[in-house]
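Peer 1: What follows is the residue order along each chain.
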Amino acid sequence: MREPVWEYLIVNYLFLGGLSAGLFFVSALATWLQEEGRPAYPHIARWGALLAPWPVSLGSFLLIFDLGKPFRFWKLFITFRWQSPMSIGSWLLVIFTLLTMAYLWAWLDPEERTRLLNYLPAKVRQRIPAKAVKWLEHDLSFWRRELAMAGFPLAVSVGIYTGVLLGAVQARPFWNTNLVAQMFLFSALSTGTATLILVRLFDKKRPVALAEMRFLYTLDICLILIEFFIVLPYLIHGKLSVLAVQDALAQVLGGPFTFTFWLLFLGCGLLVPLLIELNEFKPVLLGRGQLHISARWATTAAGLVILGGYVLRYVFVFAGQASGFR
Amino acid sequence: MAKKPTKRYAMVLDSRKCIDCKACIVACKAENDVPLGVFRNRINVEKAGDYPKLRMSFDPEQCHHCENPSCVRVCPTGASYQREDGIVLVKYDDCIGCKYCIIACPYDARYHNPETHTVGKCTFCSHRVDRGELPACVETCPSKVRVFGDLNDPKSELHQLLASRRHQVMNPQTGNGPQLYYLL
Amino acid sequence: MRMRTFAGLALLLVALPAFAETKGSDTKGKFYFKKSCKSCHVDGGTAKAITPLSKTQGQWKKFFETGKHKGEALSPKLGTPEQVLDIKTFLVNHASDSPQPETCGG
Amino acid sequence: MQRRLFMQILGAGTLVGVNSACSKWFGKRSSAVPYRLGIPTTCELCPNKCSVLADVKGDRIHKLNPNPANPKSRGMLCARGNAAIQQVYDPDRLKQPMIRVGARGEGKWRTATWEEAWDFAAGKLKATRDKYGPEGTLWSSTEGFQEVFFKNLGLAFGSPNIQRHPSLCLASVNLAYSMTFGTVPSFDLQKADYIIMAGANRFESIITPDTMDLIGGTMNRKAKLVYLDPRFTVTAAKADDWFPIRPGSDMAFILAMIHVIIRDGKHDKAFLDAFTLGFDQLVEHVKPYTPEWAEGETEIPAAEITRIAREFADAAPRAVFYAGRRSSWYQNDFQMRRAQAILNAIVGNWDREGGMVPNRKIAKGEFMFLPWDDPKASRVDEVEKDFPLTSAKDGVYLPLREHVLKGQPYPVKAWMVYKQDPLHSVPDQGKTLKMMEQMDFIGVIDIAMSDTAWYADVIFPESHYLERTDPIEVMPGIWPAAVYRQQVVKPIHDTKPCLEIAQGLAKRLGLSDYFDYTIEQWVEAEAKELPIPNGFEHMKKHGVVASVDAKYGTTRNEAHRFITKSGKIEIFSERLAEAGHDPLPVYTPQPQPPSGKFRLVLGRKATITHAGLTHLPWLNEQVPTNDLWLNPLPAGRMGIRTGDWLEVASTSGKVKIQARVTDEIRPDCVFMLHGFGKKSPWLKRTFNNGAADAVLLETAWDKVSGNAAMHETFVSIVKA
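Protein chains in written order, with the numbering used here: chain Y, 1 to 326; chain R, 1 to 184; chain A, 1 to 106; chain W, 1 to 720.
Be aware that one or more of the hints could be misleading.
Computed beta-carbon distance windows for the label pairs [what the hints assert, rightly or not]:
hint: 1; chain 1: R; residue 1: K47; chain 2: Y; residue 2: Q246; range: 16 to 26 Å
hint: 2; chain 1: W; residue 1: K551; chain 2: A; residue 2: Q59; range: 23 to 33 Å
hint: 3; chain 1: W; residue 1: P531; chain 2: A; residue 2: Q59; range: 28 to 38 Å
hint: 4; chain 1: W; residue 1: Q408; chain 2: A; residue 2: Q59; range: 32 to 42 Å
hint: 5; chain 1: Y; residue 1: F80; chain 2: R; residue 2: Q168; range: 29 to 39 Å
hint: 6; chain 1: A; residue 1: Q59; chain 2: W; residue 2: Q438; range: 39 to 49 Å
hint: 7; chain 1: R; residue 1: K47; chain 2: W; residue 2: E574; range: 44 to 54 Å
hint: 8; chain 1: W; residue 1: R641; chain 2: R; residue 2: K53; range: 18 to 28 Å
hint: 9; chain 1: R; residue 1: Q168; chain 2: Y; residue 2: F65; range: 18 to 28 Å
hint: 10; chain 1: Y; residue 1: F152; chain 2: R; residue 2: K47; range: 49 to 59 Å
hint: 11; chain 1: A; residue 1: Q59; chain 2: W; residue 2: E578; range: 17 to 27 Å
hint: 12; chain 1: R; residue 1: K53; chain 2: W; residue 2: G596; range: 38 to 48 Å
Keep in mind the hints are simulated off the structure, nothing from the lab. By construction, the Cβ of each residue, glycine as well, lies at the ideal position given by its N, Cα and C atoms.
Same shape as in the complex, but just chain Y (with noise of 0.2 Å):
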């Protein structure tokens, strides 16, 4: 083979599985944080909530569109094969992304849904019976923690499993360790991290608070450095492995994808925000004052994760692909 059969749909899929996975997370981590009784970081949740269901859902459709036959995508679910990853990936993600709409539902307000209505045709609202339409108004932010806790184990599902999907395949001694699925899960969390912190940065409505920054900064930062604690390993690991990972790792080593891998994931992608955050971050760390927040900055830092997310998943089906037995 050696020329790849799964290309950009398929990176662009994985950058937006995992991305929805990392927002529905933190989503869920601020709704399930409570400060008396009431979520620590609302308007982080709240975006999270908001944004969520969409990435996956378009990453969903470029994966039926990379099939050879969209049209019998359905025959993914006639059948449940528990050893193909994608088997179970996919049931994962319809289940994963009903959960996300259920949780951006109960992150709308009444008058949202209602207004979400009045989107709908006059023809087609008026059949709706009243009944249904009043049941628009029910509080449900109660079911926003539940479905919080619920969810967690599915977003960090959908974000290991997109890792998994590559990971599982051993005839491809790139991405045959444990490693790449740990790699995918974080980075997944840290590209959600990074999407809430443009977010926030941008939402003029609602400026962002220093607390809010504060979690989010302190967040990344311990994704970033652990998935530094996962490349790095996995770097030596291989080298130490046997020769068809050995040769494998020279794609990334010394071959088409090293520039890539080391300048825009490792230096662009981690290294650089790490080191903006941190900065950011120093005052506290030394005791000496708040947090600081340049919004530039911020967005660069942010900006560059999510990129370096996009990076690490372009190297990885790419380079996986050309890695072989021979």
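Dock chains R, A and W against the given chain Y, drawing on the hints supplied.
Peer 2: Just chains R, A and W now, with coordinates in the frame of chain Y:
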């Protein structure tokens, strides 16, 4: 009551006899209507040395019809399956074209059919085998590199070759249990 | 045109190597040989099988010089005098010591 | 007795069995599509004539499989044979007669009915005959089962100028072995223990059964293979020893081998005494040809030559210096072949297991048709005068072209071409084009729009071999066979077999009396005398009658007369001396390329032999274009890298081609594959793709046989 022993189809290849003439490749294309640009079998060429001390060797390869086929394992719809006699096939009607199996094959034996948009692969010419003929590549081979047969039949030429000649499989570390045996 | 044909003919006579028998027609000779001689001279026939290779050029020439086939005159026996000449040409041209390099196909 | 000799092939029972098995299989899927397995016929994609069983699904040929009944094809079908289906279903094949309307080569055609095409061509041929005589027409063809009809039409028309292909092929081999042994033997590679091959790249240019026997022999029996070639071919890769010999010096290597064998007294004295003539002259003749001398010529170390000569003689009689099928390369090719033949003779491998074996034949009948008057004029190539030893019936292609271009000794103004593409098969395309330009009429019979067809005035589309029935062909050999080509499917376009095309012309030329028969009558007459009962039925059912046991030693008795002047194997040839040639092979060094120039060498690949095969999709995707092989040494000097565009020029022409820098060729040679750089847009995969070797090749021929010498061209290379 003794159970009728099942067949286990496999292939023995004597690569030293391969002259890279491509007869197997073209015969396969004709027999199986394989579109242009994709192949069910191939001949790997290895070159070494500097003028005038040169070496060149050829290894024909196709689906190894593995004992534990990773392609079958990853298939999300069950389109990829293995027959009782070991032949790994694709049910074209069930294939959604996700290409996961292509990636999952350590021997790069599968391809995406640009005409049907499903995945194609060597079938050991199961339709010929089922009517008692040899796979097209085996039959057509000018230098008779390939011997096809039933591993479980002690009388088969294949069985006897494996019993009497040193041989190896390609990349056994894949864990797939490949069933193309290369004579040494 | 006549001149050209004549020139061609003259050239043919000059050009042909000494050991080829040129007077009759090789093509016709083969035909009449098969028709007249092969009817008897074949495996399982009434006479011994004969091919042009059965004799050398000299032997064939000598045979035709005698003009006799088992005591009978060659001409009415094997055909008209022209046909006998054709047969002779064919046999001499393909005798066992004739230069007849093998060819490829055809 | 006779019966035992001939194989009862497969037996009808097997075929019936297979048929019922398959109907069961296909019955399950779709009973609407009748599936017949195995209509026996004979492949036509190269000269090997392998036996084929055609699978037909409905009315479409699905697959061609090897027919194991023919021992010569050794139960195989190569890539080309498998790809034959694509000739039949080629959307760009010739589908109906066409008459040119634009200028020659402009590509403007009108489709015509057969009557129109025949009338047109016959009119032109008659006009030429009226003006220049029948000798003003040239009839050229490549061998094929129906070539006989084309040839006969030319002869019956009265033209002496029947130009066959051997002088582009192996006329020099045939002549050299004929002049030595009185026949061209086969080489028993199935049993040989020591084989020396010079350039006959047997693993890439497949010859049955030699290729199969050689690979089986070298790999299973560990027979030794010594291979000489300026190029590292697949054969070189499989050989025990490969020497990139200096081009043109093969004869020096052979003479030195003879020298060593005689010096060491390893020749077969008893055989030489009993069967050969002129050994004493040879002893004197080879004295100066020492291995040390040969080292200087061949660049092969003297010690290696000595070793090989000794191993060769020790392995004899199971040792052969293989001649095989190969075109000629240098102007001394005949003499080099003679040296080979003599080398083989002195070790006594004649008619022995593992040696050289005179061919046996299968007897077949002959259809008797009315003979015509012999052509009155002599040949335009003056072969009788200039090449008295060579086969006058085949002619000499390159000298012929020179004569036609000069109009000497008489003008030739009409050209009929059958199954041949002279623009690619004859060196120096520019000259061939000039020859075409001066023709008043060109008619082509072919299955595809070859470059030559592209320049023709009228095109007769021939039915493909799978669409027609051909005469029975006898293939002589150690395992002789007679093969039959029968129609597998009806012609899918408005095409006709050569016989019918010839008959249509004959009718209009007033020659119908000579073609008053059908192909069935012809085949029946041939089948009648096959050594098998119900020959015709047998052929229809099995396609082959063959002898499966080899027979050795039939000519090794004192009474045997070799078909030579002396009746002996002629080491010394009086006939050669009489014709003014060296009676024993004398070595003259061949010119080497001046600095800055390279020798263009040719060769084949298993998927490409004839120029017409390169555009078949399945073969083309294996080798999509050609490039120029160049050794890294000169390439480095000239700053050329793989993929660079080069302008390659000889005195004949100039081409643009991409470079392939590779160790697999001598630094003083360059190589390119045949069959690319086509001018005919109908061959869309090779049209303007790559370069044509025929453009570069210069006009040179072997002095004795007149065979085109293909390796005499030096080219210069610059980056384009």
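Peer 1: Each hint needs a verdict: does it hold in this structure or not?
Peer 2: Here's how the hints hold up against the structure:
1. R:K47 - Y:Q246: 16 to 26 Å: 23 Å, holds
2. W:K551 - A:Q59: 23 to 33 Å: 28 Å, holds
3. W:P531 - A:Q59: 28 to 38 Å: 29 Å, holds
4. W:Q408 - A:Q59: 32 to 42 Å: Taking Cβ atoms as reference, Q408 (chain W) and Q59 (chain A) lie about 39 Å apart, which means the hint holds.
5. Y:F80 - R:Q168: 29 to 39 Å: Holds, since F80 (chain Y) and Q168 (chain R) (Cβ atoms, about 38 Å apart) stay within the stated range.
6. A:Q59 - W:Q438: 39 to 49 Å: 47 Å, holds
7. R:K47 - W:E574: 44 to 54 Å: Holds - the Cβ-Cβ distance for K47 (chain R) and E574 (chain W), about 50 Å, lies within 44 to 54 Å.
8. W:R641 - R:K53: 18 to 28 Å: 23 Å, holds
9. R:Q168 - Y:F65: 18 to 28 Å: About 42 Å separates the Cβ atoms of Q168 (chain R) and F65 (chain Y), which means 18 to 28 Å is violated.
10. Y:F152 - R:K47: 49 to 59 Å: At roughly 55 Å between Cβ atoms, K47 (chain R) and F152 (chain Y) fall inside 49 to 59 Å, so the hint holds.
11. A:Q59 - W:E578: 17 to 27 Å: 20 Å, holds
12. R:K53 - W:G596: 38 to 48 Å: 27 Å, violated
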